[in-house]
Amino acid sequence: MLVLRGLYKESDVKCKSELRVNRRTFNIICEMLRDIGGLSGTKNMSLQEIVAMFLYTLAHHKKNRSIGQYFFRSGETVSRQFYLCLRALLKLHEVLLYNPTPILDDCEDERWKFFKNCLGALDGTYINVNVPSQERPKYRTRKGTIAMNVLGVCAPNLQFIYVLPGWEGSAHDMRVLRNALSRPNGFRVTRGNYYLVDAGYTNCEGFLAPYRGQRYHLKEWTDRQPESAEEFYNMKHARARNVIERCFGLLKGRWSILRSPSFFPIRTHGRIVMACCLLHNLLRKFMPTDDINEDELNESDDDSESDSDDEREFITSVATSDHWTNFRNKLAQDMFNDWRARGRHGQ
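Number 504 in my numbering belongs to position 182 of the sequence shown; there are no gaps in the numbering.
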């Protein structure tokens, strides 16, 4: 088919422009959807065309009619195959979601080396949605947009560990996190490990927040140095936690369907968000980092087997404690002392 040949067979440049993946990665996606997701071609459509049509929809956010005209297919065919491909992709979540490993004592990455046993960072992001008028108040954010609140958790290598889409835009980030922790197959944080969070979350076991009332955002450190342990801690925390902001930025930058309200029902839109996150992880693994125009990252694949869930104790609630407050205070002071001992070099 000429359209398909032009999309992914012509060149990597064309394939990445239209489908956001190179040809090798496109073939890997097709194989995984077939072998794990159970997706197959039909009498009139190859598996490759179905996947290309799906990726094209995510990348360009076109209506069924436009997609159908581009691929010379009916709107009904486009819709049916999109849902089948979406369902197949979601079956890959156990394979594609990243299994985190803690920051070790010998870490040399300046952004992370002070945060021993940290697994990554988390935050919420808004994805604009279309909902019925009677539902709009629930989905209205503080800025007045109609959106869903999506919890994203990522590792230092910019791969998603956990994603919870679907919450109303009016929901507070802390409420979404509590829900994620309470779900039977929800977000799990092993005791002894933790994630970096912003000041909108409670500083408590498993979730390390910055000091409030101190400078925090990266732009605030452009022309000055920290003057206290709390300020230095906040600066290092912001630079490490920024990984989740970069993750969201790359995700939305690649998939246009996440940048404007979709034409799909809200539940389907939530599944699309998850699908885009799974594809994001797959591309992080199989496409060179320079394909998405970012700094080189020190990434490593850990194929070692982790302990079974039955042998680990997980955090199931969020509540402040003196122990965790003292942990943050000691960490901040140790960081600051180390920096001063090195003559205030290297931030």
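One thing to keep in mind: the hints can contain errors.
Said to hold, decoys possible - With a straight-line cut-off of 20 Å between C-alpha atoms, the simulated EDC-like cross-links for lysine to aspartate or glutamate are:
1) K384 x E398
2) K435 x D357
3) K384 x E371
4) K413 x D334
5) K607 x E371
6) K607 x E398
7) K438 x E353
8) K435 x E398
9) K652 x D520
10) K435 x D644
These are computed hints drawn from the structure, not numbers from a lab.
Taking the hints in turn, this is what the structure says about them:
| no. | hint | verdict |
| --- | --- | --- |
| 1 | K384 x E398 | holds (15 Å) |
| 2 | K435 x D357 | violated (39 Å) |
| 3 | K384 x E371 | holds (16 Å) |
| 4 | K413 x D334 | violated (27 Å) |
| 5 | K607 x E371 | violated (23 Å) |
| 6 | K607 x E398 | violated (34 Å) |
| 7 | K438 x E353 | violated (38 Å) |
| 8 | K435 x E398 | violated (53 Å) |
| 9 | K652 x D520 | holds (19 Å) |
| 10 | K435 x D644 | violated (24 Å) |
The structure fails hints 2, 4, 5, 6, 7, 8, 10 (numbered hints given earlier, in ascending order).
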